[in-house]
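K.L.:
What follows is each chain in one-letter form.
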Amino acid sequence: MPKNLFQKVWDAHTVRQLANGQTQLLIGTHLIHEVTSPQAFGMVRDLGLKVAFPHRTFATVDHIVPTDQFIEPYADPLAQAMMDELRKNCAQFGITFFDRATGKQGIVHIVGPEQGITQPGTTIACGDSHTSTHGAFGAIAFGIGTSQVRDVLATQTMALGELKVRRIEVNGKLRPGVYAKDVILHIIRMLGVNGGTGFAYEYAGSTFDGFSMEERMTVCNMSIEGGARVGYVNPDETTFAYLKGRPYAPKSTNWDAAVSHWKSFASDPGAAYADVVKINAADIAPTVTWGINPGQGISISENIPSPETATSADDKAGIIEALAYMKLPAGAPIKGTKINVAFLGSCTNGRLSDFQEVAKYIKGRKVAPGIKAIAVPGSQIVALQCEKLGLDKILAEAGFEWRAAGCSMCLAMNPDKLIGDQLCASSSNRNFKGRQGSTTGRTILMSPVMVAAAAVTGQIADAREVFSVTQN
Amino acid sequence: MALAKITSVTGRAVNVPGNDIDTDRIIPARFMKCVTFDGLGEFLFFDVRKQLDGTEKPHPLNEPRFKGATILLSGANFGCGSSREHAPQAIAKYGFKAVIAENFAEIFFGNSTTLGMPCVTASREDITKIAAFTEANPQGEVVIDLVKLEVRFGAHAVKIAQRESARDALVNGRWDAIGELIDGLPAVKITAAKLPYLVA
Numbered sequence: 001m002p003k004n005l006f007q008k009v010w011d012a013h014t015v016r017q018l019a020n021g022q023t024q025l026l027i028g029t030h031l032i033h034e035v036t037s038p039q040a041f042g043m044v045r046d047l048g049l050k051v052a053f054p055h056r057t058f059a060t061v062d063h064i065v066p067t068d069q070f071i072e073p074y075a076d077p078l079a080q081a082m083m084d085e086l087r088k089n090c091a092q093f094g095i096t097f098f099d100r101a102t103g104k105q106g107i108v109h110i111v112g113p114e115q116g117i118t119q120p121g122t123t124i125a126c127g128d129s130h131t132s133t134h135g136a137f138g139a140i141a142f143g144i145g146t147s148q149v150r151d152v153l154a155t156q157t158m159a160l161g162e163l164k165v166r167r168i169e170v171n172g173k174l175r176p177g178v179y180a181k182d183v184i185l186h187i188i189r190m191l192g193v194n195g196g197t198g199f200a201y202e203y204a205g206s207t208f209d210g211f212s213m214e215e216r217m218t219v220c221n222m223s224i225e226g227g228a229r230v231g232y233v234n235p236d237e238t239t240f241a242y243l244k245g246r247p248y249a250p251k252s253t254n255w256d257a258a259v260s261h262w263k264s265f266a267s268d269p270g271a272a273y274a275d276v277v278k279i280n281a282a283d284i285a286p287t288v289t290w291g292i293n294p295g296q297g298i299s300i301s302e303n304i305p306s307p308e309t310a311t312s313a314d315d316k317a318g319i320i321e322a323l324a325y326m327k328l329p330a331g332a333p334i335k336g337t338k339i340n341v342a343f344l345g346s347c348t349n350g351r352l353s354d355f356q357e358v359a360k361y362i363k364g365r366k367v368a369p370g371i372k373a374i375a376v377p378g379s380q381i382v383a384l385q386c387e388k389l390g391l392d393k394i395l396a397e398a399g400f401e402w403r404a405a406g407c408s409m410c411l412a413m414n415p416d417k418l419i420g421d422q423l424c425a426s427s428s429n430r431n432f433k434g435r436q437g438s439t440t441g442r443t444i445l446m447s448p449v450m451v452a453a454a455a456v457t458g459q460i461a462d463a464r465e466v467f468s469v470t471q472n
Numbered sequence: 473m474a475l476a477k478i479t480s481v482t483g484r485a486v487n488v489p490g491n492d493i494d495t496d497r498i499i500p501a502r503f504m505k506c507v508t509f510d511g512l513g514e515f516l517f518f519d520v521r522k523q524l525d526g527t528e529k530p531h532p533l534n535e536p537r538f539k540g541a542t543i544l545l546s547g548a549n550f551g552c553g554s555s556r557e558h559a560p561q562a563i564a565k566y567g568f569k570a571v572i573a574e575n576f577a578e579i580f581f582g583n584s585t586t587l588g589m590p591c592v593t594a595s596r597e598d599i600t601k602i603a604a605f606t607e608a609n610p611q612g613e614v615v616i617d618l619v620k621l622e623v624r625f626g627a628h629a630v631k632i633a634q635r636e637s638a639r640d641a642l643v644n645g646r647w648d649a650i651g652e653l654i655d656g657l658p659a660v661k662i663t664a665a666k667l668p669y670l671v672a
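First to last, the protein sequences are chains V and Z. If you're matching positions, the first sequence starts at 1 in the numbering used here and goes up one per residue. If you're matching positions, the second sequence starts at 473 in the numbering used here and goes up one per residue.
With the rest of the complex left out, here is chain V (with noise of 0.2 Å):
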């Protein structure tokens, strides 16, 4: 019987049902952080247990640190006991981590594909929600709480129930201007922030078929944003080939039974989803959100909604609530919304092509009047790449200030975050209530040259018109 790809990789990853029906599913690589593991390795601990599979865990440092502060202690003592945790928990039970001394830190979603962590048919999991990123490679890939940290940490494997699989298909070209983060975040207005419990989604169609690893990424990272745990995308070609020659990655002698492999866990011609949802990606508009989760988001050209609009007294109490908390008149353009700060980062969109695509727009061009415009890199690899292409010099020329990776203003755990009530043009993930660090403080969530342009102009905008967009 055909098979998509999240059945073929659950089952090769299946070790046994449990007593209450849920499976023990072995996990085969496991990347841990410093916010989500200090208590999962005081489990261990108390338990008196081993780590499984040391080989099988990979650690780096994203969520606190400082992207301006480079020597330790940091001046936060709270963020430099937990490095110290980190540290020392790797140590202990011989964990690989890339710590800043290696050169290889950054955000763990952009730390495990670019050192060919990350691969197909494999199963992955994080203490960190956007762990769904990992299926950009074709992996099955679960953020998880702490207890299962333990668990995966312990065993190497957790307890869980399988998901059903809906199928999105985007097919065709994106218009000019119009990124990937803008069809994650049509798919989540159109699919709602709920729409996704209980399902992986299967990103298919030309579209994906076209973009690049990164974009797929972008994609895969929002999946939770739309309540479905995982998201993936079928390896192919594009996949082999971002992964040949990366440190982690199968060597010479063992790559073609490698990439045979690989190729046997993507999904099979007529196999069965639960669900399937088509998208022209040509209805795909430059998207920003408006209020307070992701799944609220209109196109630039639209109208900020009112509660009189409302497709329900749901939908409505929404509507206020959010229209409040972000302080904008219902029923305006959202185009023109003055914003205070610029924030260019996150395991989003914090990856070379993003700032490629910015820089060649902003170049030249300067950072509005009293806008903060920050531009952090993914990782410490993303940065050299930008640094050897000039590509920071072009930021900070335009008025970025150009920083260390790091999570930074995505969730502001580190000195990074907006102050009162600012509003944030971001290219993060999440726009809930104070997420950038303010109880106050605004997000609006949309891709990095929407960035771009937000910063130039000093306030929401539409970039096609703001650089001339005519060819992506």
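Derived from the structure by calculation, the hints contain no laboratory data. Mixed in with the good hints there might be a few duds.
DSS-like cross-link-like pairs, simulated, lysine-lysine; straight-line CA separation at most 25 Å [what the hints assert, rightly or not]: (1) K505/Z / K88/V; (2) K522/Z / K417/V; (3) K88/V / K104/V; (4) K417/V / K529/Z; (5) K666/Z / K3/V; (6) K8/V / K661/Z; (7) K529/Z / K263/V.
Fit chain Z to the given chain V structure using the hints.
P.N.:
Quick look at chain Z alone, frame taken from chain V:
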């Protein structure tokens, strides 16, 4: 590792209405700068419950009549957002023993179950009934019965639902899978030996 068989939760309830209450709202990220979960309870819903200076904002959890409630009522998609176990940990450490909502985000639901904190779903209409009961009787007892899959309050009873794997794990005292997972380690090694990327 004998775990309690959680067949029911009895206590007073408090309603925190709203849909899409996300994990950043439940526990803002700045309180995750910690290496243990101890003390997270006091930061539960911090930014909607308190001003920056620590004084209280109007919020159901701040109302004296609801102090000591152990059952949390809420709306749809409760716990959406991040995978942070800090969210259910903060709810549990605050003193809650169960959550009743219209539905739950996937990761939050699993994290809560693993802590032995049942998350059960009920219809909007029935949650409104329970909320009305607690509003009128803040000291009134609410019973979540995981065997009969109902919630009883005053003279009323309403149906609830829970994913069977979670219900089974709770009522049979196997909601924390670690013991079972360890028992499976010999089988884990066999499965791992069949996967090329784990053999290399």
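K.L.:
Which hints, by number, does the structure contradict?
P.N.:
Hint 7 is the one this structure does not satisfy, whereas the remaining hints hold.
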